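Got two chains here, separate frames each, mind docking them using the hints?
Chains as they are written, first to last, in our numbering: chain A, 12 to 259; chain B, -11 to 151.
The hints are simulated quantities; they were obtained by calculation from the structure and are not laboratory data. Note that the coordinates shown come from a computational prediction; the quantities given were computed from them, not determined experimentally. Among these hints, one or two may not hold up.
Chain B regions said to be covered by chain A (calculated; three or more residues, Cβ under 8 angstroms) [unchecked claim]:
no. : region
1   : 33 to 46
2   : 100 to 111
Quick list of in silico lysine to any residue cross-link-like pairs, SDA-like style, CA-CA up to 20 angstroms [what the hints assert, rightly or not]:
no. : chain 1 : residue 1 : chain 2 : residue 2
3   : B       : K141      : A       : K127
4   : B       : K141      : A       : R152
5   : B       : K141      : A       : G158
6   : B       : K99       : B       : K83
7   : B       : K141      : A       : L237
8   : B       : K99       : B       : T124
9   : A       : K127      : A       : P216
Pair by pair, the computed Cβ-Cβ distance ranges are [as the list claims (entries may be wrong)]:
no. : chain 1 : residue 1 : chain 2 : residue 2 : range
10  : B       : K111      : A       : S120      : 56 to 62 angstroms
11  : A       : T182      : B       : L7        : 30 to 36 angstroms
12  : A       : V233      : B       : I86       : 26 to 32 angstroms
13  : B       : P123      : A       : S120      : 47 to 53 angstroms
14  : A       : A186      : B       : I86       : 23 to 29 angstroms
15  : B       : K111      : A       : R222      : 36 to 42 angstroms
16  : A       : S120      : B       : K38       : 53 to 59 angstroms
Just so it is clear, CB atoms sit at the ideal spot from N, CA and C, and this is done for glycine as well.
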Amino acid sequence: MEAAEEKTGSVSAAQLRAEKRRRKLLQNSEDRMNRIVGFTKNDPDSSGRQAQQPRFHLDLDRTEPWSSSVPSPRPSPFLSETPGARLRLRTKGEEVSGSPRRGLQQYLSRFDDAMKLRSQLANEKPAQEGGSDVEELDPFRVFRLIGSILLAVFVRAFVCKYLSIFAPFLTLELAYMGLFKYFPKVEKKTKTTVLTAALLLSGIPAEVINRSMDTYRRMGDVFSDLCVYFFTFIITHEILSLFGSETP
Amino acid sequence: MATGCAWFLVLVSVFLCNLMKILLPTISSFMVQKDADQESEMRSEIQQMKKEQSSISMMDEFARYARLERKINKTTDKLKTHGKTNTRSHADQFKWNIVKQAALMVSLIWKYYSDPVTVVPSKWIAPVERLVAFPTGVAGGVGITCWLVVCNKVITLGLGAIS
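Same shape as in the complex, but just chain B (with noise of 0.2 angstroms):
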C-alpha cells in the first residue's frame, strides 16, 4: 500500500509545489497593496499634523507645537521601519518558498532513492526500463527521478493552461 501511494504521495508535492509557486507573486502583491494603504494612511496623517503645525505660532502655544513635533517624527519613523521591514519581508518570503521547496524535493529522493514509486512489467517500457528505474534500478520500476520530471512538466502544462 505504502508503495501504491508513492506515485500519489509525489504526485501531490508537485502539485503544491507548483501551486505555491503561481500563487506566492498573487498573495505577494495583495500583501504589497494592503501594506500600500497602511503607508499612505501614515503619510496623509502626517501632511495633516504638518498642516496643523504650521498654522500654530511657536511663541504662543509652543507645548502643543512641540506636542505635534514629537507624534510627526514618530510617525515619520514608523514610515520608515514599515517600509524597510516589508520589503525584506517579502524577499525573505520567496526565498523562504525556494528553500521549502527544494527541501521537500531532496526529502522525497532521499525516502524513495532505492524504491520506485510504481513497478509496471518491465517489457512495457522497453528499450530505457534502466533509464526510466534510475536510481533503483529495480526491473521494471519507475524511479523518483523520472516520476519527478514527468509530473513536474505535466502539472506546469495544466496549470499553465488553467491560469
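Only chain A is shown next, with the shape it has when bound in the complex (with noise of 0.2 angstroms):
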C-alpha cells in the first residue's frame, strides 16, 4: 500500500514537472517560433516586412522524431554557435537578403506600374477608338496649315521657275518656329500607349519618352505641312494646266 501511495505521488510529480515544462514552453514558443524562421528580437529589420533567410540547414537525414515529449539531450543548434560564428552568419545573411529585398522590391514597384498602367490604356482605349485618326487643330496648326496652302499658290504662281519649291517651304517652317512663341498654348494630354507603356517598364525615365514624343509630334506636324504643301501645289499646277497656262 506504501509502495501504491509513493508510486501515485511520483506520478503526480511526475505530471506537475510536464504540465511545468509545458507551460514553459507555451509561454516561449512566440520567441522560439521567431528563431525558427530567423527573426530576432534585436534585429532592427524585423518589424514583420519579410523573413531573412534562415540561419539553419534543414536537416533532412535527422531519424530522431521531432516532436517528444522528453527533452531531447542534442543541445540546440542555436545555442551551440558561437558568438562570432552568429555574427558572422548573421552580417552574411542580411547581405544576401539586401539585394534580393531590393530586387523583390523593385519587381513589386514595377508590377504595380505595369497594373497601373494596363488600367490606363484599358480606360484610354475606348476613347482613342472612337477618334483614332482625328488629329486635333488647334489654332497655330490652322494657321500652319492656311499659311502652307497660301504659300504654294504662290509659289506655283510666281516663284518655281527661279528655285526649288522646297526652299521656300524649308524658309516657312523656320518662320514657323519663331512665331510659336506668339500663340496661345496647347496643353496636350499625353496619350498611354503600348509603347509607351513598354517603354516606361524598361527603366525609360518619363522625362525621356515624354521629349521623344513631343520631337515626333513636332516632325509629324512638318510632314503634315510639307504634304498640305505638295498636295496644293500639285493641284494648283493641275488646274492651271487644265486652263492652258503655259508652263513657266
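Laid out in C-alpha cells, this is it:
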C-alpha cells in the first residue's frame, strides 16, 4: 500500500513537472518560432516585413522524431553557435538578403506600374477607338496649314521658275518655329499607348519619353505641312494646266 | 488625257476609302440600333407569350398550352440566331471593307507602277526628285506612292476638320 502511495506520488510529481514544462514551452512559443524563421528580437528589420534567410539548414538525415515529450539531449543549434560565428552568419545573411529584397521591391514596384498602366490603357482605349485618326486642330496648326496652302499657290504662280519649291517651304517652317511662341499654348494630353507603357517599364525615364514624343509630334506637324503644301502645289499646277497656262 | 486624270483618279479613290472609314461606324451603329429594336420586340413578344401561358392551366387547355410553348421556343431560337448573325455580319462588314480598300490601293499601285500620276519640271522638285518619282524613275514625275501618301494625309486632315 505504501508502495502504491509512493507510486501515485511520483506520478503526480511527474505530471506536475510535465505540466510545468508544457507551460514553459507555451510561454516561449513566439520566441521559438521567430528563432526558427530567422527573426531575432534585436534585429531592426524584423518589424514584420519579410523573413530573412533562415540561419540553419534543414536536417534531412535526422532520424529522431521532431516531436517528443522528453527533451532531446542534443543541444539546440542556436545555442551551440559561437557568438562570432553567429555574427558572421547574421552579416552574411543581411548582405545576401539585401539584394534580393531590393530586387523584390523593384519587381513589386514595376508590377504596380504595369497594373496602373494597364488600367490606364483600358480606360483610354474606347476614347482612342472613337477618334484615333482625327488629329486635334489647335489655332497654330490651322495657321500653319493655311500658310502652307497660300505659299504653295504663290510659289506655283510666281516663284517656281527660279528655284526649287522646297526652299520657300523650309523658310516657312523656320518662320513657324519663331512664331510658335506668339500663339496660345495648348496642353496636349499625353496618351498612354502600349509603346509608352513598354518604354516606361523598360526603365526609360518618363521625361525622356515625353521629350521624344514631343519631338515626334513636331516632326509630324512638319510632315503634315509638307503634304498640304505639295498637294496644293500639284493641284494648282494641274488647274493652271487645264486652263491652258504655259509652264514658266 | 489618261495621264492627266491619273492624279484625280487616285485622289478620288483615297477620298472614298477615307470616307468609308469614317462613315462605316455610323452605318454600323444605325444597323445595330435597328437590330436592337427588332431584338427588344422579340423579347417583349416572348414575355407576353410566357405571361399568357402562365395564366392557362395545362390540364384544362393542353392544346393551347402546347401551342404557346412551341411559339415561345420558336421565337427564342429566332432571337438567338438573330443575335449571332448580326454580330457576325458586322464583323464581316468591317473585314470586307478593309480587304476592299487594300485591294483598291494595290490595284492603283499596280496600274501606275511605271507611269507617274503627273509630271512637272524636274528642277521644281529638286533635290528630292528621285524620291518623289519613286517607283517610276521618270525625271520630274510624281510617283504613285508619294501621291498616295500625300492624298491620304490631306484627306484625313480635311475630313477630320469637317467631322
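Is it true that the CA of B:K141 sits at most 20 angstroms from the CA of A:K127? This hinted pair is violated, its Cα atoms lying about 34 angstroms apart.
Range hint 36 to 42 angstroms (beta carbons of B:K111 and A:R222) holds or violated: holds (38 angstroms)
Holds or violated: B:K99 and B:K83, Cα atoms, limit 20 angstroms. Judged against 20 angstroms, a Cα distance of about 24 angstroms means the pair is violated.
Do A:T182 and B:L7 keep their Cβ atoms within the hinted range of 30 to 36 angstroms? Holds - the Cβ-Cβ distance for A:T182 and B:L7, about 35 angstroms, lies within 30 to 36 angstroms.
Verify the proposed pairing of B:K141 with A:R152, using a straight-line Cα cut of 20 angstroms. holds (14 angstroms)
For A:K127 and A:P216, compute the direct alpha-carbon distance and say whether it is at most 20 angstroms. Measuring from Cα to Cα gives roughly 16 angstroms; hence the hint holds.
Would you mind confirming whether the straight-line C-alpha gap from B:K99 to B:T124 stays at or under 20 angstroms? holds (11 angstroms)
Given a hint of 56 to 62 angstroms, does the C-beta separation of B:K111 and A:S120 actually sit inside it? holds (60 angstroms)
Run the distance test for B:K141 versus A:G158: straight-line Cα separation, threshold 20 angstroms. holds (17 angstroms)
Does the hinted range 26 to 32 angstroms hold for A:V233 and B:I86 at CB? About 30 angstroms separates the Cβ atoms of A:V233 and B:I86, which means 26 to 32 angstroms holds.
Taking the Cβ atom of B:P123 and the Cβ atom of A:S120, is their distance within the range 47 to 53 angstroms? holds (51 angstroms)
Just to make sure I understand the rule, a stretch counts as covered if three or more of its residues have a C-beta closer than 8 angstroms to a C-beta of the chain. Does the region 33 to 46 of chain B meet that for chain A? With 0 residues in contact (Cβ-Cβ under 8 angstroms with chain A), the coverage given for the region 33 to 46 of chain B is violated.
Violated hints for the displayed structure, listed by number in ascending order: 1, 3, 6 and 14.
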